[in-house]
Amino acid sequence: MSESNKRQRAVVFGYHNVGVRCLKVLLAGGVDVALVVTHEDSSDENIWFESVISLCQAEGIPYITPADAKSPELLAQVQEIAPDLMFSFYYRNMLPAELLAVAPAFNMHGSLLPEFRGRAPVNWAVLHGATVTGATLHEMTVKPDAGDIVSQMEVPILPDDTAFEVFGKVTVAAEQALWMVLPSLLDGTAPRIKNDLTKGGYFGGRKPEDGRINWLLPAQDVYNLHRAVAPPYPGAFTDIGGVRYVLQRARLSGNFGNVVSLSLPPGLTVVDNCIFGVCGDGRMLTISALTADGMPVTAEQLQSRLAELSAGGQ
Numbered sequence: 032m033s034e035s036n037k038r039q040r041a042v043v044f045g046y047h048n049v050g051v052r053c054l055k056v057l058l059a060g061g062v063d064v065a066l067v068v069t070h071e072d073s074s075d076e077n078i079w080f081e082s083v084i085s086l087c088q089a090e091g092i093p094y095i096t097p098a099d100a101k102s103p104e105l106l107a108q109v110q111e112i113a114p115d116l117m118f119s120f121y122y123r124n125m126l127p128a129e130l131l132a133v134a135p136a137f138n139m140h141g142s143l144l145p146e147f148r149g150r151a152p153v154n155w156a157v158l159h160g161a162t163v164t165g166a167t168l169h170e171m172t173v174k175p176d177a178g179d180i181v182s183q184m185e186v187p188i189l190p191d192d193t194a195f196e197v198f199g200k201v202t203v204a205a206e207q208a209l210w211m212v213l214p215s216l217l218d219g220t221a222p223r224i225k226n227d228l229t230k231g232g233y234f235g236g237r238k239p240e241d242g243r244i245n246w247l248l249p250a251q252d253v254y255n256l257h258r259a260v261a262p263p264y265p266g267a268f269t270d271i272g273g274v275r276y277v278l279q280r281a282r283l284s285g286n287f288g289n290v291v292s293l294s295l296p297p298g299l300t301v302v303d304n305c306i307f308g309v310c311g312d313g314r315m316l317t318i319s320a321l322t323a324d325g326m327p328v329t330a331e332q333l334q335s336r337l338a339e340l341s342a343g344g345q
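Numbering (this note's numbering), first residue to last: 32 to 345.
Do not rely on the hints blindly, as some may be mistaken.
[Unchecked claim] Derived EDC-like pairs (lysine to aspartate or glutamate); straight-line CA-CA distance at most 20 Å: (1) 174 - 99; (2) 238 - 252; (3) 200 - 185; (4) 230 - 185; (5) 238 - 75; (6) 225 - 179; (7) 200 - 81; (8) 101 - 129; (9) 101 - 111; (10) 230 - 179; (11) 174 - 129; (12) 101 - 71; (13) 55 - 90; (14) 225 - 270; (15) 225 - 252; (16) 174 - 227; (17) 238 - 324; (18) 238 - 76; (19) 55 - 115; (20) 55 - 76; (21) 238 - 270; (22) 238 - 72; (23) 230 - 270.
Honestly, the hints are just simulated from the structure, not real lab data.
From just these sequences and the hints, can you work out the full model?
See below:
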C-alpha cells in the first residue's frame, strides 16, 4: 500500500473468517481501526471458523459485542469516534439508517452480486448448482445487498465442492477484492458499478430443517443439497423409523442400471455392503459416511435396521 495514503480511521463490524481476513487487510493497508463491533460465539453453534475477538486481542484493537446493532449506545459510540469509513465483514445484524449515516459504509458479501443476495449466499449457490461465485464489496444501504458494487472477485465451484470448501475460496476472494480496491477507497477514487437488482435473487437464512432430503427429487438435486449443508454445517438428513440419518460424506454415482432394474424405492438402501441413496430419477448417491442419531452407522448395521423395519411392516 502506498505511504502517500492518508491514514484514515475506520469502525469495523465483523465476524467469521471473512471478518478476520478482511480486518487483517485493513491493518496491512495502514487503516486506523478504532473499534471492532463483533458477536459473542453462540454455545449452540458449531464454531469452526476463526475468531475476530482473538485477532482484536492480539492486535490491541478495542472491540465490543452489543446484542442490538440498533441500540442508541452503539450509535453514540460510533458517532464519537467519527470514522472516515465503516466496513461490515460478515457481521450478522443489519445496520440501521442512523448508523449508516455516520460515514461511508461498505459491506463484503459472499456472492457475485446481484446474484444470491441475502443470507447464506455460499450455501444457496451450491444448492442451486452454480458453477461460479465469489465475493463483492459494495456500498451499504438500508436495503440489504443493494448498494453500488466497488470490487468483485470470482471463484469456481467445482462439481464435488461442498459449501465448506467453497467458503474457503470465497474468504480468499473477499481478501483479494478488498486488497485490490483499498488504496482507491482511501483516496476517494474507488469505482462504483450499479448493482442491478432486476437480476439475481434474494434468499433468506437457512435452518437445519431445510436439510431434509426429498428422495423423489433427481439425484443431482439431492447431491447439491448434501454439498450445500455437509459438515461442518448440520448436514442433509432423512428420518426412518424414528431415527435421523445424516449424510456425512457422499458422491454422485453413475446410472447403475443393474440397481435401477431391481426397482429399489427412493431412499437409503444397502447393495453389496455399500450404502446408497436412491433418488427419483433412478440415479444414486454413494454414501461413504452416515450417522444415525449422531453416531456412525455401518452398511451392515443399516441393512439390519432396514430389514427389521420391513419385517415390522413400517
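Checked hints:
| no. | hint | verdict |
| --- | --- | --- |
| 1 | 174 - 99 | holds, 18 Å |
| 2 | 238 - 252 | holds, 18 Å |
| 3 | 200 - 185 | holds, 9 Å |
| 4 | 230 - 185 | holds, 17 Å |
| 5 | 238 - 75 | holds, 13 Å |
| 6 | 225 - 179 | holds, 5 Å |
| 7 | 200 - 81 | holds, 15 Å |
| 8 | 101 - 129 | holds, 9 Å |
| 9 | 101 - 111 | holds, 16 Å |
| 10 | 230 - 179 | holds, 14 Å |
| 11 | 174 - 129 | holds, 13 Å |
| 12 | 101 - 71 | holds, 17 Å |
| 13 | 55 - 90 | holds, 10 Å |
| 14 | 225 - 270 | violated, 46 Å |
| 15 | 225 - 252 | violated, 33 Å |
| 16 | 174 - 227 | holds, 13 Å |
| 17 | 238 - 324 | holds, 18 Å |
| 18 | 238 - 76 | holds, 12 Å |
| 19 | 55 - 115 | holds, 18 Å |
| 20 | 55 - 76 | violated, 25 Å |
| 21 | 238 - 270 | holds, 17 Å |
| 22 | 238 - 72 | holds, 18 Å |
| 23 | 230 - 270 | violated, 37 Å |
Taken one by one, the earlier hints fail for this structure at numbers 14, 15, 20 and 23, listed in ascending order.
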